[in-house]
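Enquirer: Sequence:
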Amino acid sequence: MKKWVVRFASLLVFNILVLLVVGWLTPARVGWAALWAGIVLTALVIWIKPLVEKWFRSMAAKSAGQRTRAGEKLVEFFLAFAVAFLVWIATVLFTGVSIGGGIFGAFWGWVLPPVFLLIGWAIYGAIDDKVEGHAGTLYDKATGTQTAGTDAATSAPGVPSPRDTYPGAPAPATEAGRRELNDGLTDEQRRMLDELGKG
2 MKKWVVRFAS LLVFNILVLL VVGWLTPARV GWAALWAGIV LTALVIWIKP LVEKWFRSMA
62 AKSAGQRTRA GEKLVEFFLA FAVAFLVWIA TVLFTGVSIG GGIFGAFWGW VLPPVFLLIG
122 WAIYGAIDDK VEGHAGTLYD KATGTQTAGT DAATSAPGVP SPRDTYPGAP APATEAGRRE
182 LNDGLTDEQR RMLDELGKG
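Its first residue numbered 2, the sequence shown is counted upward by one per residue in this note's numbering.
Mixed in with the good hints there might be a few duds.
[To be verified] Pairs of lysine-lysine, DSS-like flavour, derived with a Cα cap of 25 Å:
1) K142 with K4
2) K50 with K74
3) K3 with K50
4) K50 with K131
5) K131 with K3
6) K63 with K74
7) K131 with K4
Don't read these hints as lab results, they were simulated from the structure.
Please put together the full structure from these sequences, using the hints given.
Expert: So, in C-alpha cells, the structure goes:
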C-alpha cells in the first residue's frame, strides 16, 4: 500500500508541474484544472501507459527485422510520441483542460503537450528513485512508521552478496533490464499489475 501511495503522490506532484508548464508554454489551457488533470494523468501513466506501450511495441516488433538502426530509433520515437499523444487525449477528455482556439492554437495545443509529457517522463525517470525516496520518508513521518534502511543480509559485515557467491550471476539491474525488454514493463509496474490482478 505504501508503495502505491508514495509512487502516486510523488508522480502526481511532478505531473501537476508538467501540466502547469504545458499551460504556460502551449495554447492548451490548464488553469485550475491542473489538480484534477494531474490525478487523471498520474493514473493513466501508472496503469494504462505501460499496457499501451507493450501493445505498440509488440506490433512494431513484427517488422523490426526490416528496419535499419536509424529507422528503429525513429520508430521508437514515434511509438513514444503516440503513447504520449493518447495519454494527452484522455487527459483532455476526462478533465477541464481545453485546447486553444483557431486552427493554429488547436494544432499546437494537441501536438506540443505530448512533447512536454515525453520530456517530463524522461526527467522523472532519471530522478524517480530520489523523489520517491523522499516521498517515502515523508509518508513514514506522517504515518509514524519506520522502515528498515537496508536489507540486513546485504548490510551485515562478512555476509557475501549473491554476486560474490556466484561471480557469473548477472546483477539484479541487468536481470530487471532483460525483463523490461521482454514485456516493456519495469519491475515496479509488473508488481503493481500483479497486485491489481489479485485485488
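Enquirer: Against this structure, judge whether each hint is valid.
Expert: Verification of the hints:
1. The straight-line distance between the Cα atoms of K142 and K4 is roughly 15 Å, inside the 25 Å bound, and the hint therefore holds.
2. At most 25 Å may separate the alpha-carbon atoms for a hinted pair to count; K50 and K74 meet this at roughly 20 Å.
3. Between the alpha carbons of K3 and K50 the distance comes to roughly 21 Å, so the proposed pair stays at or under 25 Å and holds.
4. Of the supplied pair hints, the one linking K50 and K131 holds, its CA atoms being roughly 22 Å apart against a limit of 25 Å.
5. For the given pair, K131 sits about 16 Å from K3 by alpha-carbon distance, which is consistent with the 25 Å threshold.
6. Restraint check for K63 and K74: the C-alpha separation of about 15 Å stays at or below 25 Å, so the hint holds.
7. For a cut-off of 25 Å, the pair hint linking K131 to K4 stands: about 14 Å separates their Cα positions.
The structure fails none of the hints (numbered hints given earlier).
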